[in-house]
Amino acid sequence: MSFIVDYYNYWVAVFLMMAGFYLVISAGNLVKKVVGLNIFQTSVFMMYITMGKVSGGSAPILAEGITSYSNPLPHVLILTAIVVGVATTAVGLALIVRIKRAYGTVEESEFEDKEDLI
Amino acid sequence: MPELIGLVLFSMLGITAIGVIVIKDLFAVVMLFGIYSFLSALIFVNLDAVDVAFTEASVGAGISTVLMLGTLALTGRKEKTHTHKSILPLLVVVITGAALVYGTLDMPPFGDPNNPIHQHVAPRYIQDSPQEIGLPNMVTSVLASYRAFDTLGETVVVFAAAIGVLSLLGLPKRDRAAINSGLKQHMVLRVVAKLIIPLTILFALYVQFHGDYGPVGGFQAGVIGAAAIILYTLVFGLPNATKVLQPTLLRGLAALGVLIYCGTGVAGLLLGANFLDYNPLASDPVAGQHIGIILIELGVGLTVFAAMLSIFYAFAGQAERTNIQ
Chain A
1 MSFIVDYYNY
11 WVAVFLMMAG
21 FYLVISAGNL
31 VKKVVGLNIF
41 QTSVFMMYIT
51 MGKVSGGSAP
61 ILAEGITSYS
71 NPLPHVLILT
81 AIVVGVATTA
91 VGLALIVRIK
101 RAYGTVEESE
111 FEDKEDLI
Chain B
1001 MPELIGLVLF
1011 SMLGITAIGV
1021 IVIKDLFAVV
1031 MLFGIYSFLS
1041 ALIFVNLDAV
1051 DVAFTEASVG
1061 AGISTVLMLG
1071 TLALTGRKEK
1081 THTHKSILPL
1091 LVVVITGAAL
1101 VYGTLDMPPF
1111 GDPNNPIHQH
1121 VAPRYIQDSP
1131 QEIGLPNMVT
1141 SVLASYRAFD
1151 TLGETVVVFA
1161 AAIGVLSLLG
1171 LPKRDRAAIN
1181 SGLKQHMVLR
1191 VVAKLIIPLT
1201 ILFALYVQFH
1211 GDYGPVGGFQ
1221 AGVIGAAAII
1231 LYTLVFGLPN
1241 ATKVLQPTLL
1251 RGLAALGVLI
1261 YCGTGVAGLL
1271 LGANFLDYNP
1281 LASDPVAGQH
1291 IGIILIELGV
1301 GLTVFAAMLS
1311 IFYAFAGQAE
1321 RTNIQ
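If you're matching them up, the sequences are chains A and B in order.
Per this note's numbering, residue 1 is the first one in the first sequence, and the count goes up by one each step.
Per this note's numbering, residue 1001 is the first one in the second sequence, and the count goes up by one each step.
Calculated from the structure, these hints are not laboratory results.
Careful: at least some of the hints might be erroneous.
[As the list claims (entries may be wrong)] Derived EDC-like pairs (lysine to aspartate or glutamate); straight-line CA-CA distance at most 16 Å:
(1) K100(A) x D1212(B)
(2) K1080(B) x E108(A)
(3) K1085(B) x D6(A)
(4) K1080(B) x E64(A)
(5) K1080(B) x D1025(B)
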């Protein structure tokens, strides 16, 4: 049981990463590809936050009577990464809107010219 | 017990991801992705990362869902089914996944206080930051002071992303008044929105100025403030919203936020310290840190607020243009 508890979070992070990867390489719809990229990204967040946790620790906010805190550094990195992730997702979605306007479709299989394939 | 909750939440997250892969209706996919974000926020709380959970709930579940729905409004909600299914992607994914799972076995066990990650800089942050910076929230201390240079980079990325979206989608035209814009005909929505919007803005201000003590800060405050205006735009229409907050003003605010951030750094330089060192800003180093952190949190909040709202305006303007055509 302890073996599973020790590594379960990492396995789920790998599973989510692969789910996102699968969506990116197999989905035909560009919006779905962006959702896949986001899932891939959150899997990395999970991995970092998992590593920062200390068993029996508390959230890293100073309080009376608490001696053990979880590591604040991964929290800082991931907090800013989430905001940046949404900003870059917005750029991706804006590109999709432009592709729709230029080609009339967001399905990979429907681009007429083979050179337009993404 | 927290471990058990973690196991259940992580399993639910995996199931949601499978749902996202299988479902063809993109509207349902985006909604599922919102659920996925809220589940992630719960996991972050369970893993002691309350700041991250707050950000994920407001940014991941709020703003990105709205933006994806805005894109779907322009591109259609059905995914086409493929006639030929290739086995190759699945094969690639399974092999990569197996290699990565094999790799995780070399990871240090979950939650052990003796893991390498807890031995390097973390003890300094945990033991010394309350005295050096004078803030109870260590995440804010690290974000705004020890690693302020990183945060500056991230703020600039948000700013650059807003510029990118604006140059891709163009600016909303102000004079083209669409009469049917928004959901004004729904009385319940109108009344509830009017009740909620002032409270949301008040909450955003609380989040902005309480970052020193609680699990909050400029990033979250900017997003919550933007969410209030986004709600206003959805209910009362884009023309009304742009009358209240003009896109030109927003672009100015986004630049002003980055300017305040960099200005605080340069002020430290001029007073004879390093870039983004706040100690000389006041006679007492801890008071200097306080001033510096409040200033750069303000810069971050302004930039994030203005950038998120500009991005939303750009998407909403596109949708409105399509409706008119």
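Evaluated hints:
no.	hint	in the structure
1	K100(A) x D1212(B)	44 Å, violated
2	K1080(B) x E108(A)	10 Å, holds
3	K1085(B) x D6(A)	37 Å, violated
4	K1080(B) x E64(A)	57 Å, violated
5	K1080(B) x D1025(B)	9 Å, holds
Checked against the numbered hints above, the structure violates hints 1, 3, 4; every other hint is satisfied.
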